[in-house]
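Trainee: Protein chains in written order, with numbering that gives the first Met the number 0: chain A, 0 to 324; chain B, 0 to 324; chain C, 0 to 324; chain D, 0 to 324; chain E, 0 to 324; chain F, 0 to 324.
Worth flagging that the hints you see were computed from the coordinates, not collected in a lab.
Treat the hints loosely; a few may be bogus.
Note: identical chains are not told apart, hence a pair may lie in one copy or across any two.
Stated by the list, open to error - In silico DMTMM-like links for lysine to aspartate or glutamate, alpha-carbon gap of 25 Å or less:
1. K149 <-> E35
2. K149 <-> E65
3. K149 <-> D191
4. K149 <-> D124
5. K149 <-> E173
6. K149 <-> E50
7. K149 <-> D170
8. K149 <-> E87
9. K149 <-> D192
10. K149 <-> E251
11. K149 <-> D31
12. K149 <-> E261
13. K149 <-> E275
14. K149 <-> E13
15. K149 <-> E101
16. K149 <-> E4
17. K149 <-> D17
18. K149 <-> E257
19. K149 <-> E263
20. K149 <-> D273
21. K149 <-> D254
From a predicted model like this one, the values you see are computed outputs, not experimental measurements.
Protein chains: 6
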Amino acid sequence: MTTEEPAVAPAVAETAADIAAMRTRGAATIADAVAEALATQARVSEADGVEAFRAELRAAAQRLYETRPTAVSLPNALRYVLRGIDGETVTALRTATIDRAEQFQADLAQAQSRLGEIGANRLRDGDVVMTHCHSTDALACIESALADGKAIEAIVKETRPRKQGHITASDLREWGVPVTLIVDNAARRYLDDADHVLVGADAITADGSVINKIGTSGLAVMARERGVPVMVAAQTIKLHPDTMTGHSVEIELRDEREVLTESESVEILGGEDDPEFSVANPAFDVTPPRHVDAIVTEHGQFPPESIVTLMRDLFGEPTGRPWEP
Amino acid sequence: MTTEEPAVAPAVAETAADIAAMRTRGAATIADAVAEALATQARVSEADGVEAFRAELRAAAQRLYETRPTAVSLPNALRYVLRGIDGETVTALRTATIDRAEQFQADLAQAQSRLGEIGANRLRDGDVVMTHCHSTDALACIESALADGKAIEAIVKETRPRKQGHITASDLREWGVPVTLIVDNAARRYLDDADHVLVGADAITADGSVINKIGTSGLAVMARERGVPVMVAAQTIKLHPDTMTGHSVEIELRDEREVLTESESVEILGGEDDPEFSVANPAFDVTPPRHVDAIVTEHGQFPPESIVTLMRDLFGEPTGRPWEP
Amino acid sequence: MTTEEPAVAPAVAETAADIAAMRTRGAATIADAVAEALATQARVSEADGVEAFRAELRAAAQRLYETRPTAVSLPNALRYVLRGIDGETVTALRTATIDRAEQFQADLAQAQSRLGEIGANRLRDGDVVMTHCHSTDALACIESALADGKAIEAIVKETRPRKQGHITASDLREWGVPVTLIVDNAARRYLDDADHVLVGADAITADGSVINKIGTSGLAVMARERGVPVMVAAQTIKLHPDTMTGHSVEIELRDEREVLTESESVEILGGEDDPEFSVANPAFDVTPPRHVDAIVTEHGQFPPESIVTLMRDLFGEPTGRPWEP
Amino acid sequence: MTTEEPAVAPAVAETAADIAAMRTRGAATIADAVAEALATQARVSEADGVEAFRAELRAAAQRLYETRPTAVSLPNALRYVLRGIDGETVTALRTATIDRAEQFQADLAQAQSRLGEIGANRLRDGDVVMTHCHSTDALACIESALADGKAIEAIVKETRPRKQGHITASDLREWGVPVTLIVDNAARRYLDDADHVLVGADAITADGSVINKIGTSGLAVMARERGVPVMVAAQTIKLHPDTMTGHSVEIELRDEREVLTESESVEILGGEDDPEFSVANPAFDVTPPRHVDAIVTEHGQFPPESIVTLMRDLFGEPTGRPWEP
Amino acid sequence: MTTEEPAVAPAVAETAADIAAMRTRGAATIADAVAEALATQARVSEADGVEAFRAELRAAAQRLYETRPTAVSLPNALRYVLRGIDGETVTALRTATIDRAEQFQADLAQAQSRLGEIGANRLRDGDVVMTHCHSTDALACIESALADGKAIEAIVKETRPRKQGHITASDLREWGVPVTLIVDNAARRYLDDADHVLVGADAITADGSVINKIGTSGLAVMARERGVPVMVAAQTIKLHPDTMTGHSVEIELRDEREVLTESESVEILGGEDDPEFSVANPAFDVTPPRHVDAIVTEHGQFPPESIVTLMRDLFGEPTGRPWEP
Amino acid sequence: MTTEEPAVAPAVAETAADIAAMRTRGAATIADAVAEALATQARVSEADGVEAFRAELRAAAQRLYETRPTAVSLPNALRYVLRGIDGETVTALRTATIDRAEQFQADLAQAQSRLGEIGANRLRDGDVVMTHCHSTDALACIESALADGKAIEAIVKETRPRKQGHITASDLREWGVPVTLIVDNAARRYLDDADHVLVGADAITADGSVINKIGTSGLAVMARERGVPVMVAAQTIKLHPDTMTGHSVEIELRDEREVLTESESVEILGGEDDPEFSVANPAFDVTPPRHVDAIVTEHGQFPPESIVTLMRDLFGEPTGRPWEP
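Start from the sequences and build out the full structure, keeping to the hints where you can.
Mentor: Take a look at the structure:
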C-alpha cells in the first residue's frame, strides 16, 4: 500500500462540482448523477488491484458526499451502490459496481410512477384529498388514480410562506381535478370534508418521523383529531440512513423576506431596525409516526414505525459514513 | 288597548339606521349605542300606562335588533337592559330602564380593562405567549401584565388571509414586547417555546364553544397535543345568548380575493373562468370547550363548560327573541 | 302538636297505589300525577295550622316517594313543588302549593316540544343523525327540525337486545326521514357518514354523566374518536337530584331471555342447566361528560359539566330526601 | 366622617397574632377563628353609625387577612361573612354579622361529615380506592362508607417526600380497611386494581384546577389513561375565590432536606458545596379539570368545570380584596 | 417457444372449479388445495424446458387465482410456493415446486396449534378474555392456555347480526370455560372486568390494519379507552400481500335479511316497498394498528405496525399478481 | 448413536455454577461468560462426529440456560452463538462456534459505547434530560453527547424505593452535568422543563413493550401527555427473544423492607402482625410501545413497534428453547 491519494476520475470531480454549485439539484437528479459517477469511476479506473480499486471508489464517494452532506438522496445513492459490490478481481468489482449503479438508476427512473400506482390503490372513486405544499410524489398518486378511472377531488392548502399550493392547484386543474383552495388556517374546518390527507416528504427518519414542509405536523395532528387518515408519498431516496444512528435532520431556517415583505415590515416597525423583532421561518417540521397512517414508497406501503426495516434492507446496517465499511 | 303601533323614538330609529348602515360598528360600540337608545326611548316616552310603555320599549328593541340580527353584542345589550325593568308605574319603569342602561354602559366602559387585569393574573413574569389574529381583549391582558411589571414575550402568528398578526406585532412592539413573527404553518413547531396560547373571541356559545378567527380551533388542538394551555379573552358582550336555545352561529364566508390575488389566480388558471376551481374563505371557526382551558371575562375567569352559567346570570333564561318575555 | 299521623288525602293514596302498581308509568306521566296529587292534598287539607299543613304535605310526599324510590322523575316533581311553598297562613300555603304544582305541570306539558325546538337548532339542513334506542325527546328534535323545513337523514342502530331502533325507524319513516338501519356493531363504520349522534337519557347525574340505554357510552366513545359531536336530549325531569349528594344510579339487570331465546340457549348448552354460563343484561350504562358535547333540555342546552347548575336552580341545594328541609 | 383609624377589637388583634404566629393553624381552624373574630368585632363595637360600624368590620377583616394572605380558607371566611351583612342600623348590622358568622361556623363544623356522606355515596361495596398523601376530607368519605356497611380496600401511595401515606395507612388500618402500601412509582401498575382514585385538595381554583400534594396531577393523568375515575374531596373553604380574578396559586418550595438527608447528600457530592446540584421540592402541583371526574364538597358533588358556580354562590362576584365592596 | 397455451393439469382445473363453486371453502382449506394443485401441476408436467415448465406453473396459478380473487389465503399460497422455485432443469424445478408446496402444507397444518401456544403465553392464570365473533385461531389460544393448566374466563359478545358468539360460547363451555354472554352494546360496560380483548382476523393489511367481523374496530377503540389490551390471533395465510401495493380490502355487503326478518320489516314499514329505507350490513370493518396491541401468528407475535415485515419475509416484495415475477 | 449423556466440559459446568450462585452477574457479564463457555465447549470437545458435537453444544446450552431461565441476556447469548453454527465436519463446527462466540463477545464489548454514540445524536446542545433509575446504557448517551461538546442538563428522579437516582446524580455531577434532583412525584411538574425522557431497560419484548424499573410506564404516560419524547437506551442483549412466542416477562416482587423500614412499620401498625396490611414492591413495570418514541441500541435506533425485526435478525425465528432447532 502506498501513501498516494487514490485517483478520482475527472468525471466524478465534475459531478461533484455540479452538485456543489447547485447546477445539479433535486433529490432524484442528484441521486442519479451520483450513481452514474460511481459507475464512471469504475469504468475508467486503472487500479491494479482490488484494494486500490476499492480505495478509489471510496475516495470518489467521499468527494461526492462532501459536496452537500445534508442532501438526503446523496448518501442513499452512495450507500446503495457501494454495499452491493462484491468480487475478487478488479474486473469483477468493476462489473459489480456498474451493475449496481445501473440497477439503482433503473429503479429510480420508475420509482415515482411505481409509487403513484401504489398510492392510487389507497384512493377510492369519489374521494376528497387534502394536500399540503407541492409534492410530485404525492401528485403521482392522484395522477395514477385518475388513470385508473377514479374521480378525485382536492382541497388544496395554499402553504405559506411560499404558497406552493398554487402549483399543486394548477397541476390538479390541468388534470381536471376539482379544486378548493384554502388558507392553511382553514385546514381543520375542511378536514371534515376530506377522506385523506396526502403529503410528500423531504426526508424520513429511522424513528419513523416525517420531515416535510412546515405545517405538515400540525396538519397531521388535526387529521388524527378529526379521524382523517394521513398518507405520505415518498420515494426511498427520501429515507435518511444517517438517522439510523440517531442523527437528527437539520431544519433549514429560510430568509425572513419569504414571510414579510419590505413594505409590511415598514408598516409594523416604522422602518427602523428593531433587534427585538424577528421572523422565524423554518422550512420543515417533524411529524412523529403516531400521527401518520402509511408511508407509500415504490417498494410498497409501510406503517411509519416499520420504515426502518426498509431502510436497513436497502442501505444496510448503519455505519459512520457511506464509504466506511 | 289600541291597535296603534307603539311609538318608537326618532333617536332610536336613527341609532338603528346607523347600525344598519355600518356607520355604528364594532361589538362594544353597537352595544353601547343600543343601551343608549333604550334609555332615550324611556326618557322621551309619552306612554300613558305601564303596558304602553313596555310596548314601546319592545318595539324599540325589535327595531334595533332587526338591523343586524347576527351581531352578537346587539341582542346582549337588549336582553340585559330589558330583563332588569321592574316597576308598577311609568315613572318607575322609566327610571329602571335608564338605570339599567347606564349600568350596562358603565360596565361596558370598563370591561376591557377589568378583563385585562384578570387575564394578566394568569401570566407569570417571563412567560411567552402565542397569539392568533388581533384581539384588543387579548392584548389588554398582556398590557395589564406589563403594567404589573411582568416581562412577556410573544410569538405572533401572521394569521392569513388578512394577516392581522401584523397589527398585533406592531402593538406589542410599541409596548416593548419582544416579538417573533411566524407563518401559521409554523405554530406547532413554536408551541414548544410557548407558555400560553392567548386569543380573543368573536362569539362564545352556550355549549362552551369559542367562535373566533379561522385557525383558532386548529391552534387549540395543537396546543392540547403539545401541553400548552389555551386562554380566551372575551368581554361578556361576546356571549351569545341565542345559542342557549341551540342556535348555532353562522360563519361568514368572505371574499375569495382575500386569499388569492388576481395575478395569482391567473397564474393558476391561465386567466380563464373555471367553475371547478373555487376558493373557500370562512372568517371564523369553532373551537370546542375541551380544547380551551379558560375564558377570561370582566366578570372573572371560567372554564368554557360553565360559561353558560354566566350567560344565564347576565341575560336570563333564554327566550325566542330579546324583547319577548 | 299531637302525635297523630298527618292526614294524607285519599286521592294521594290512590295515586301512590297506581304508581306502585305500574298503572301510572312513564317519567312524564308519573311526574304529572305526583304534582297533581300534591295540589290535591293542598286543596282538601283540613289542617288547622301552618305546621300541620306542612306535615301533611311532607307525609303525602313521602307516601308518593316510597312507591318507586328509583324513578328519577318522581323526586323531581316532589322537590320542585315542595321547595317553592312559602306563606304564613294555611290559605297562603294552599295557594302556593297549587300554584307551584300547576306551574310544574304546565312546564312539563310543553317541555318536550320546547326541547325539540332547541335541539332542532343544532341540526342543519342536510344533516345525517345517528340514533340509539328510541327516545321521544331525541325524536322531538328531529321532528322540530323537519317542521323548520330542514332535510334530515338518519342512521338507526337497531339497539339490541330489544331492538327499539325499529320503533325509531318506523317513526322516522312516517315523517319521511330516509333511514338506514344498522346493527349496533356497525356504528363505528357509519359514524364516518354522520354529522351528529343524538340520544335521549334515562337519567342525568350531578357529575354530568348520562345514564341511557346500554350501548350509549360505547357509541359516545367511538363518536369522539371519529370526530362526531354527541347530543343528548333530556327533559329536566331526567335530572337526578339525588346524585348531587353523590348517589349513583342503580342499573337494572333485566331478564336473560331478552338476550337469549330458549332455543338459542338449548343450542349453546344442550338444554342442560349450566351454572357457569350466564347472560348479563344491564338495561343502561353510564357515559361520562367528556364524551358528550351538549345536553338539550327545555331550559336550553348545556355542556354536561354544567348541568348541575340547572339541577340546583330547579331543585335546590340537595337534602337527604325530597320532603326533608 | 373622621380621619381616625377605625377601632379594631383587641380580640381580633389577638386572633390575628395567633394566626400570624402559626399558633392557630389548619384550614378549618383558621376559618373558624376568623369568623369568630368578626362576630366579636360586631359584638363589642361601639360604632355610632352604620358607616363607622362597616369601617370597623373592614379594618378587622384587613387586619386578619394580612396575617397570611396565601391561606386559602382565610379570605373565604371573610368573604362569606362580610357579603351577607345587610341592615340599616348598627343593631341590625351587628345581628346580621353575628348571624352570618355563626352560620359559617355551623356549616364548617359539619362540613367534613356532610362531605364524607356525599363522597361515600360514590363508593360501592367492595370497591378498591387508591389514595395519595393524607387528607381528612378524603378519609371522611371512606369512614362514612364503612359506616354505611360497605367493604372498602385501599391501595395507599407512600407519597414522598414526607410519606404522609403512612398516616393514611395507619388511619385506615385502625378502621379495619385492608391496606396495600406502594411506592409512588408503582401507581400505574396498581391502578389496574383500583376502582377510584380519591384525594383531597389544598385549594381549588376558578378554572377547575385542583391544587394538591405534589404527585396528584401525574396520578390523575395515569388514572385517566387506565380508565379509573378521579374523585377529589374538598370542603368549600378550599375553594379559592381570588382565582376567579385569574390569580394563580403560588406553589411553596419546601426544604431540600425533606428530599435528601445530609448523609445522602454527602454520598452524592462527596460533602462539598456544589452550586450546580440542587434539589427542587415543590409542595403541590396543579391538576387540570379534564383529568378529574368529580369534586365532592359539603354542598354536593360537582364536575370540576362547574365548581366556579359554587364559588360564586358562596363568595359572590370576585372583587380585589375580601373587604372591598 | 410456441404460441400454444401452456398446459394446465386436469387436477388443477378441478381444484379451481371446486373453489369457484364454493365446494372448497375456508381460508386454510383453500390454501392447502392450491398448494396441492401446484405440486400436482409440477408432478404431471410434460414440459420439455425450463421456460415451458415455468409457463405452465404460471398458467396454473392464474387459473386458480381467478376463481376467487378476493380470497386472502389463495394468493398467499400461490406466492409462497412460486417464489421459492429455483433450478436450472425441469427436474430441479419439479422437485423445488413439490418441496415448496409440501413445506407450505406442513406449516399450514400446524399453524393453528403453534399460534395457539404462542397466544396462550400472553394469557395468565385467572385472566378474563372478551371475545367477538367466532374465530378458531382465537379459540386455539384459549384452548392452549387451558392445556397449560391456566384458568380462563370469557365474556362473549353475541356478535350481531349472525350471533356467532353463540358458537364461541358453546365451544368454551365444552372446554369448561365459565362464560358470560352479553349483547354487543354491553361491551364497554364489561371491559372493566376483562384483562384482554381477543379476536381473530379475516385479513391483515400491510399498513397494519386488521379486517375482521363488523364491530371489531369499535371494540378496539373502547378497549383502548378502558385500558384493556387487544390481541389478534391470525395465521399468516390471513396476511394480505396485495395490500403491500396499497390495495384495500373490499368489504362484502351481506344480505339485509341477516339484520331484519320479514316480519320485523313489515312492522317497521307496514309491508310496503320503501325506497328510502335500507339496511346496511357490511360483513367486516377495519381496525387501525394504533388500537391493536399484538398480532399473534404461528411465526410469533408482532406489533401490528411491523406485520408488514413478516409479510415481506413470507411472500416477497410485492408484485402485480402472484404469478408475475 | 448411543444413549450416553453428551459430555459437557468442566469449564461450562463451572460457568453455570458461577451464574447460579450469582458470582457471575449483570446482563453483559453473564452474556459474555455464556458465549465464552460455548466456545470452550467447542474447543475441548472430543466428539467424534457432527451429531455428537452438536449434542454436546446443546447440552452445554441447556446446562447454562437452566441456571437462571429468566435472565434475559443468557438465552440471547445462547441463541446468537448456536444459530450461526454451520459446517459438515467437527472441525468446521468447532471453528464456526468459536468464531460466532468471539463475534458475539466483540460486539458486546463495544455495544455500550456504540449505543452511546447513537443515543447522543438524538440530544442537542443545551437539552435537558429527565432520567429515571440508574442505567449505564442511558448514561452512555449523555457521556457521548458531552464528548461531542454538547451542554446537557439533567433532572434526576430519585427513583424510590432504592433511590438509584442518587447514583445517576453522582455520575452526572462527576461529568460536570448540572443536576436537579426531584422526588418521583414531581415528575409531571418538571416535564415542562425537559426536552427528553431518557431511560434504560431491563428487557424489551417482541410486542415492543419496555420492561424497566417500576415507575417508567407512568413517566412515559406523563411525558406523552406533556409532549416530551421518550427514549430508551438498551443494548440488544436486553431484547427478550422468548417474548416472540408470546411469553411475558415475569416481574420480580422484591422485599417489603425496601419500601418500609422496621420503625416505619411499627409507627403504622403499632408493632403487631397485621395480615390485612401488606407492602407491594414490584421491581419493574411494562411500558407499551405507544408511549415510547425510540429504542436506541448498538445496531441503531428503532421505533419500539419494529424492534421485533431486529430481534429476529439477531436471534432467528423463535423456537421453544434456545438449544432446540
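Trainee: Run every hint past the structure and note whether it holds.
Mentor: To see whether the hints hold, each was checked on the structure:
no., hint, verdict
1, K149 <-> E35, "neither (38 Å within a copy, 38 Å between copies)"
2, K149 <-> E65, "between (45 Å within a copy, 23 Å between copies)"
3, K149 <-> D191, "both (21 Å within a copy, 21 Å between copies)"
4, K149 <-> D124, "within (4 Å within a copy, 29 Å between copies)"
5, K149 <-> E173, "within (16 Å within a copy, 38 Å between copies)"
6, K149 <-> E50, "neither (55 Å within a copy, 38 Å between copies)"
7, K149 <-> D170, "within (17 Å within a copy, 38 Å between copies)"
8, K149 <-> E87, "neither (52 Å within a copy, 44 Å between copies)"
9, K149 <-> D192, "both (18 Å within a copy, 20 Å between copies)"
10, K149 <-> E251, "between (38 Å within a copy, 20 Å between copies)"
11, K149 <-> D31, "neither (32 Å within a copy, 36 Å between copies)"
12, K149 <-> E261, "neither (45 Å within a copy, 32 Å between copies)"
13, K149 <-> E275, "between (53 Å within a copy, 17 Å between copies)"
14, K149 <-> E13, "neither (45 Å within a copy, 37 Å between copies)"
15, K149 <-> E101, "neither (35 Å within a copy, 42 Å between copies)"
16, K149 <-> E4, "neither (58 Å within a copy, 34 Å between copies)"
17, K149 <-> D17, "neither (41 Å within a copy, 34 Å between copies)"
18, K149 <-> E257, "neither (37 Å within a copy, 32 Å between copies)"
19, K149 <-> E263, "neither (44 Å within a copy, 29 Å between copies)"
20, K149 <-> D273, "between (54 Å within a copy, 21 Å between copies)"
21, K149 <-> D254, "neither (40 Å within a copy, 27 Å between copies)"
When the structure is compared with the earlier hints, violations turn up for hints 1, 6, 8, 11, 12, 14, 15, 16, 17, 18, 19 and 21 and for no others.
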